[in-house]
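Student: Same order as they appear, the protein sequences are chains S and U.
Under this note's numbering, the first residue of the first sequence carries the number -7, and numbering increases by one thereafter.
Under this note's numbering, the first residue of the second sequence carries the number 60, and numbering increases by one thereafter.
These aren't lab readings, by the way, just hints derived from the structure by calculation.
Some hints could be false.
Once the Cα atoms are required to be at most 27 Å apart in a straight line, the calculated DSSO-like pairs of lysine-lysine come out as [as the list claims (entries may be wrong)]:
id : chain 1 : residue 1 : chain 2 : residue 2
1  : S       : K6        : U       : K130
2  : U       : K130      : S       : K58
3  : U       : K130      : S       : K56
4  : S       : K56       : S       : K6
Covered stretches of chain U (in silico footprint by chain S; criterion: 3 or more residues with CB under 8 Å from a CB of chain S, positions within the stretch not fixed) [what the hints assert, rightly or not]:
id : region
5  : 104 to 112
6  : 125 to 139
7  : 152 to 162
Calculated Cβ distances over 10 Å to all of chain U for the following chain S residues [to be verified]:
id : residue
8  : I4
9  : L18
10 : D19
11 : L38
12 : T41
13 : D57
14 : S65
15 : T72
16 : P78
17 : E79
18 : H99
19 : R105
20 : T107
21 : V108
Positions of the beta carbon are idealized from the N, C-alpha and C atoms, including for glycine.
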Amino acid sequence: GAVVSQHPSWVICKSGTSVKIECRSLDFQATTMFWYRQFPKQSLMLMATSNEGSKATYEQGVEKDKFLINHASLTLSTLTVTSAHPEDSSFYICSARARTGEDSPLHFGNGTRLTVT
Amino acid sequence: GESVGLHLPTLSVQEGDNSIINCAYSNSASDYFIWYKQESGKGPQFIIDIRSNMDKRQGQRVTVLLNKTVKHLSLQIAATQPGDSAVYFCAENMRRLTFGEGTQLTVNP
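Using the sequences plus the hints, can you model the full thing?
Tutor: In structure tokens, the structure reads:
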């Protein structure tokens, strides 16, 4: 089946530093990837849509200058949390579709637990 | 805005029983729905999907029912096992995937 891999699985950083999270589609190409954030005991909230070769589309309320997304190839999207603060501590999850068409499921990575101290 | 929500936040069942997890959606134009299972510390795992031109779809030990009249979706798990313990999300797929709040399923041995 379709596999999406995220790295790192967890990271602890100090307030004010930046953290980069990688999302790779291992056995398929993805022109579009999606980044979600999940706080404890809550649902997944879409942050942005990452488009290969073009700018990401951010959801309302998500600061594009704080959450930098780069989708430089058909198998890799990165999310960089810039100048991280404790309130950015969360579980970040990426996803992609293995085939085109909105009536196909998203496949998710195993997430990255970010803790900002 | 449109949303997808769940009726119950928690569900506890005995091993071997059948489980039913419910979901209500509000966007009548939705035409594709997915159920995901999320174990602690992991990303959501695809379980089963259904398109709006169907009212029932079966997988291995799971069945999804769709009632478009009342905008209701359910996931039935047969012979629930301890490994089924997780949070279950329904999701509505229209341009973007919107998740419901999730139901924590606990299977008691």
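Student: Work down the list of hints and note, for each, if the structure agrees.
Tutor: Here is what the structure says about each hint:
In summary, the hint linking K6(S) to K130(U) is not supported, as the alpha carbons are separated by about 46 Å, beyond the 27 Å threshold. A hinted pair counts as satisfied when its Cα atoms are at most 27 Å apart, and K130(U) with K58(S) does not qualify at roughly 37 Å. Between K130(U) and K56(S) the CA atoms are separated by roughly 34 Å; this puts the pair beyond 27 Å, and the hint is violated. Of the supplied pair hints, the one linking K56(S) and K6(S) holds, its CA atoms being roughly 21 Å apart against a limit of 27 Å.
Counting residues of the region 104 to 112 of chain U whose C-beta sits closer than 8 Å to any C-beta of chain S gives 4, which meets the bar of three, so the coverage hint holds. For the region 125 to 139 of chain U, the assignment as covered by chain S is violated, since 0 residues bring a beta-carbon within under 8 Å of that chain's beta-carbons and 3 are needed. For a cut-off of 8 Å, the count of residues in the region 152 to 162 of chain U with a CB near a CB of chain S stands at 10, and the three-residue condition holds. Even its closest Cβ contact with chain U, about 15 Å, leaves I4(S) beyond 10 Å, as expected for a residue assigned away from the interface.
The beta carbon of L18(S) sits about 14 Å from the closest Cβ of chain U, which is more than 10 Å, so the claim that it is off the interface holds. No beta-carbon of chain U is positioned within 10 Å of the beta-carbon of D19(S); the least distance is around 15 Å. At the 10 Å boundary, the C-beta of L38(S) falls inside the reach of chain U, the nearest C-beta of that chain being 6 Å off. Against the 10 Å criterion, T41(S) falls within the reach of chain U, whose nearest CB is about 7 Å from its own CB.
The Cβ of D57(S) lies farther than 10 Å from every Cβ of chain U, with a closest approach of about 22 Å, so its non-interface assignment holds. Every Cβ of chain U is farther than 10 Å from the Cβ of S65(S); the closest lies at roughly 21 Å, confirming the non-interface assignment. Distance check for T72(S) against chain U: the nearest CB is about 20 Å away, which clears 10 Å, and the non-interface claim stands. Separation of P78(S) from chain U is adequate, the least Cβ-Cβ distance of about 20 Å exceeding the 10 Å criterion.
With 10 Å as the threshold on Cβ separation, the claim that E79(S) sits away from chain U holds: the shortest Cβ distance comes to roughly 21 Å. Non-interface status of H99(S) relative to chain U is broken: a Cβ of that chain comes within 10 Å, the nearest being about 7 Å off. Not every CB of chain U is more than 10 Å from the CB of R105(S) (nearest about 7 Å), against its label as outside the interface. Every CB of chain U lies more than 10 Å from the CB of T107(S), the least distance being 13 Å, so the non-interface label holds.
With a least CB separation of 18 Å from chain U, V108(S) remains clear of the 10 Å interface cut-off, as annotated.
Hints 1, 2, 3, 6, 11, 12, 18, 19 from the earlier list are contradicted by this structure; the remaining hints agree with it.
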